[in-house]
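Take the given structure of chain A and dock chain B to it, following the hints.
Protein chains: 2
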Amino acid sequence: MKKARIIECVPNFSEGKNKDVIKGIAAAAGKVQGARVLDVEWNASHNRSLMTIVGEPEAVYQAVWEAIKTATKLIDMRKHKGEHPRIGATDVVPFVPVSRMSIGECVKLAKKLGQQVARELKIPVYLYEDAATRPERVNLADVRKGEYEGLGVEIQTKKERKPDYGPTEMHPTAGAMVVGARKYLIAYNVNLDTADVRVAKDIANVIRERNGGLPGIKALGFLVDGKAQISMNLVDFEKTNMDGVYAAIKEQAHKLGVKIAESEIYGMIPLEALVKMARDSLQAPDFKAEQVLENRIYGFE
Amino acid sequence: MKKARIIECVPNFSEGKNKDVIKGIAAAAGKVQGARVLDVEWNASHNRSLMTIVGEPEAVYQAVWEAIKTATKLIDMRKHKGEHPRIGATDVVPFVPVSRMSIGECVKLAKKLGQQVARELKIPVYLYEDAATRPERVNLADVRKGEYEGLGVEIQTKKERKPDYGPTEMHPTAGAMVVGARKYLIAYNVNLDTADVRVAKDIANVIRERNGGLPGIKALGFLVDGKAQISMNLVDFEKTNMDGVYAAIKEQAHKLGVKIAESEIYGMIPLEALVKMARDSLQAPDFKAEQVLENRIYGFE
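Protein sequences, first through last, are from chains A and B. Following our numbering from start to finish, the first sequence increments by one per residue and tops out at 301. Following our numbering from start to finish, the second sequence increments by one per residue and tops out at 1301.
This is chain A alone, in the form it adopts within the complex:
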């Protein structure tokens, strides 16, 4: 029996209006056996689309490569306008481990893809997040500084903007590309039993990692449908999972005389996040994803 390894890749493309182009890119990825395009989203004012591709690592790699080749043919950055920052036709490509894959293996895939893009498509490639080759390239915003227009000048003149792979000039129509690896991001919101948004903002201030709170937690306070909401990204659920941040919010809310109304897991999560929650909350250190019947049925072949 072979254990199925799974990764996710969420490439972002600089086209959010022309449905034929978006469909064409998705179709190129969808043709690859063993990979699945789970979701396609686009935004016209951002003029940008993103695809969620999942499956076995080799298949996802191939699907993303086919999508990039198609985007390189169909998108012309010289004509591109949109609200969202971007440097290329295929703008950002993060590889994300889901099951039985390490972040290190995803870094390897990112570097391999970067080299292939540079070599075969002559597009300059920057590595970011866990694949970054220097600290100042970890953050996506720093890599994208100046955008397509500004980077087009600096890539030729400034040593610190030299790409990791490929030419020191922009591809005439496809621009440049950012490729990397990151951990799975869980979007998780907690609604409070109050309409006072300041309570949500105060709690967000306390729990977010940047202010010395919980590791891997990004948090903001909003008012949503009349309820104060703490809206979060969990960027490393192995460090702080949903139950951990829920307990921390409950404690802070209690101090402020407020209760949790409900919480909401937004979008998809990896099975391992649920398995880890059971392991921790039940003190069951030996519990494994292989004990989940559905995973055993489908995850082995």
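A portion of the hints provided could be inaccurate.
What the hints assert, rightly or not - Examples of chain A residues lying across from chain B (beta carbon under 8 Å, computed):
| # | residue |
| --- | --- |
| 1 | V98 |
| 2 | D243 |
| 3 | M268 |
| 4 | I269 |
| 5 | F287 |
| 6 | I297 |
What the hints assert, rightly or not - Simulated restraints on C-beta separations:
| # | chain 1 | residue 1 | chain 2 | residue 2 | range |
| --- | --- | --- | --- | --- | --- |
| 7 | A | S102 | B | K1218 | 26 to 32 Å |
| 8 | B | K1218 | A | E58 | 43 to 49 Å |
| 9 | B | E1160 | A | K250 | 52 to 58 Å |
| 10 | A | E262 | B | P1135 | 38 to 44 Å |
| 11 | A | S102 | B | G1024 | 41 to 47 Å |
Just so you know, these hints were derived from the structure itself, not from any lab. Quick caveat, the model's predicted, so the values are computed rather than measured. The beta-carbon is built from N, C-alpha and C at its ideal position, and this holds for glycine as well.
Using the frame of chain A, we list chain B on its own:
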């Protein structure tokens, strides 16, 4: 996209010594496309084996049917001796809903199988548990009273032992069969930080359903590797799940001045048990199994 429905079936056969027979029965089930024989266990002193077959309902039904036909050919009850109670070559066949299937749909499968066994194999069939047609046949032990030898006489003479389907006499070599449907059974143990087995027995007494404790909880106290252990079956995790019984044990243990050392999920559990745990413990009523990435990848086609 088609949503994959999944059931489990755990047929018990009256052969626990002859490996060729056991393998032959498993091989017959394993040939059916869409069903998978996840596990085969046997016990020589019980002279009994059981198989865990999972997959789509129609495929599992067909796999079980093939296994029953093979067991009917290969096992002769007239020569069978073993410690475990039994009435037939294929002794018990429970259908269990796992994903997107109701207990009612499993009852229908059980009745359909019972009718086919009676019609084509001329074996008398008794329906039990959720498929039972009368209260006194819900409990397996009651149906199996007198075993193969005793039932062989009473089936012909006593009205209350008339089978639900098939002849009112035993099949000469295959005996009779019990077929039914039940909910998924989770085996869950909690170890206490004490070697005093009386503490485990006391807590088991309080939490088990029979004594007015938690719904769907069967519990016993043991001493295992020097630790007092509460060993449980959760026969309806929709009513009482692992987190619920863990919390109840923690509370009882606290009263007795004892702590939980660790807990252990034994064997397989359905994804829905984990999803329900997250839904309840995070107050996240909208969270669904479809949001688990692995389930989305494999569970849809």
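So, going through the hints one by one against the coordinates:
no., hint, in the structure
1, V98, "holds, 6 Å"
2, D243, "holds, 6 Å"
3, M268, "holds, 5 Å"
4, I269, "holds, 6 Å"
5, F287, "holds, 5 Å"
6, I297, "holds, 5 Å"
7, S102(A) with K1218(B): 26 to 32 Å, "violated, 41 Å"
8, K1218(B) with E58(A): 43 to 49 Å, "holds, 47 Å"
9, E1160(B) with K250(A): 52 to 58 Å, "holds, 56 Å"
10, E262(A) with P1135(B): 38 to 44 Å, "holds, 41 Å"
11, S102(A) with G1024(B): 41 to 47 Å, "holds, 42 Å"
When the structure is compared with the earlier hints, a violation turns up for hint 7 alone.
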